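Trainee: Note that the protein sequences, when read in sequence, are chains A and B. Quick note: the working numbering has the first sequence finishing at residue 137, numbered continuously throughout. Quick note: the working numbering has the second sequence finishing at residue 137, numbered continuously throughout.
Just so you know, the hints here were simulated from the structure itself, not pulled from any lab data. Treat the hints with care, since some could be wrong.
What the hints assert, rightly or not - If we take Cβ atoms under 10 Å as the criterion, some of the chain A residues that face chain B in the derived model are: (1) F18; (2) K21; (3) A22; (4) F23; (5) G24; (6) T27; (7) T37; (8) P79; (9) E84; (10) M104; (11) Y108; (12) Q111; (13) D112.
None of the values given here were measured: they were computed from a predicted structure. Just so it is clear, CB atoms sit at the ideal spot from N, CA and C, and this is done for glycine as well.
There are 2 protein chains.
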Amino acid sequence: MSATFPDQYRDLFQKKAFGAFTTLMPDGGPQTTPVWVDYQDGEIWVNSAVGRRKDRNLRRDPRVAIAVIDPENPYRYVEVRGRVREITQDGADAHIDKMAKKYLGQDKYPYRQPGEQRVLYKISIEKVHAMG
Amino acid sequence: MSATFPDQYRDLFQKKAFGAFTTLMPDGGPQTTPVWVDYQDGEIWVNSAVGRRKDRNLRRDPRVAIAVIDPENPYRYVEVRGRVREITQDGADAHIDKMAKKYLGQDKYPYRQPGEQRVLYKISIEKVHAMG
Numbered sequence: 006m007s008a009t010f011p012d013q014y015r016d017l018f019q020k021k022a023f024g025a026f027t028t029l030m031p032d033g034g035p036q037t038t039p040v041w042v043d044y045q046d047g048e049i050w051v052n053s054a055v056g057r058r059k060d061r062n063l064r065r066d067p068r069v070a071i072a073v074i075d076p077e078n079p080y081r082y083v084e085v086r087g088r089v090r091e092i093t094q095d096g097a098d099a100h101i102d103k104m105a106k107k108y109l110g111q112d113k114y115p116y117r118q119p120g121e122q123r124v125l126y127k128i129s130i131e132k133v134h135a136m137g
Numbered sequence: 006m007s008a009t010f011p012d013q014y015r016d017l018f019q020k021k022a023f024g025a026f027t028t029l030m031p032d033g034g035p036q037t038t039p040v041w042v043d044y045q046d047g048e049i050w051v052n053s054a055v056g057r058r059k060d061r062n063l064r065r066d067p068r069v070a071i072a073v074i075d076p077e078n079p080y081r082y083v084e085v086r087g088r089v090r091e092i093t094q095d096g097a098d099a100h101i102d103k104m105a106k107k108y109l110g111q112d113k114y115p116y117r118q119p120g121e122q123r124v125l126y127k128i129s130i131e132k133v134h135a136m137g
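Can you make the complete structure from the sequences, with help from the hints?
Mentor: Rendered as structure tokens:
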């Protein structure tokens with residue numbers, strides 16, 4: 006089961022649009038957090054750090070939801086349901102720098118903490134609902 | 006288990022800030038949708054219509070997550086986890102008009118469909134995480 010992200014909403018990933026990213030807690034309840042989002046090769050990429058709650062949740066249950074709202078028009082948005090296909094540290098440092106460039110206009114991600122291990126979640130898209 | 010929404014973030018409910026609202030699908034997977042949000046008597050109120058997916062989800066599993074982002078600063082936001090305490094149609098029509106006033110500047114909700122039954126979810130707050 007996979008779905009294609011609609012072409013006419015790809016511009017959301019060019020803009021500094023945040024994703025409202027939902028993972029599942031150990032008891033199955035949802036947790037929703039604003040995150041930077043990227044689109045690569047038909048998948049959504051999210052970057053976090055090893056050991057954070059999102060990271061622990063995704064290693065236990067790969068099911069996610071993401072809503073991306075157009076910052077210029079909140080009635081235009083895309084909702085995605087999907088599943089983390091791959092969790093990797095390979096390329097995660099370069100990727101967070103790329104996200105810092107997009108969202109902050111900075112070449113290097115400025116909030117890196119000592120000892121922090123960045124991690125990249127590659128999310129396959131299973132359902133898409135677009136509005137506006 | 007209940008938590009208090011922090012006073013210094015109450016202004017988010019005065020602004021036209023959307024909530025990224027998550028419910029759980031029948032298989033336990035998350036679904037996240039932008040919604041209008043209200044704050045009343047220590048609870049978050051969300052308005053939908055009977056029979057929609059959110060409505061069906063909430064009648065089966067009351068657990069929700071809501072992220073509310075400051076429209077003037079996406080790095081300032083509040084994440085809430087909670088539970089629907091009450092589902093009611095009482096007052097739901099008046100409430101959607103109130104939300105139309107807040108978000109659209111209109112006295113009456115303009116998108117009402119024939120036969121639509123509005124419904125109000127009163128959500129008790131269990132966990133709050135505020136940033137920015």
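Trainee: The structure should be examined with respect to each hint, and the outcome stated for every one.
Mentor: Going through the hints against the structure:
1. F18: violated, 15 Å
2. K21: holds, 8 Å
3. A22: Constraint on A22/A satisfied, holds at 9 Å.
4. F23: holds, 5 Å
5. G24: holds, 9 Å
6. T27: This interface hint holds because 4 Å falls under the 10 Å limit.
7. T37: holds, 4 Å
8. P79: Because about 5 Å separates P79/A from the closest Cβ in chain B, which is inside the 10 Å limit, the hint holds.
9. E84: holds, 6 Å
10. M104: Constraint on M104/A not satisfied, violated at 13 Å.
11. Y108: With Cβ-Cβ at 9 Å, under 10 Å, it holds.
12. Q111: Where the cut-off is 10 Å and the nearest Cβ of chain B is about 14 Å from Q111/A, the hint is violated.
13. D112: violated, 19 Å
In summary, the structure is inconsistent with hints 1, 10, 12 and 13 from the numbered list given earlier, while agreeing with the others.
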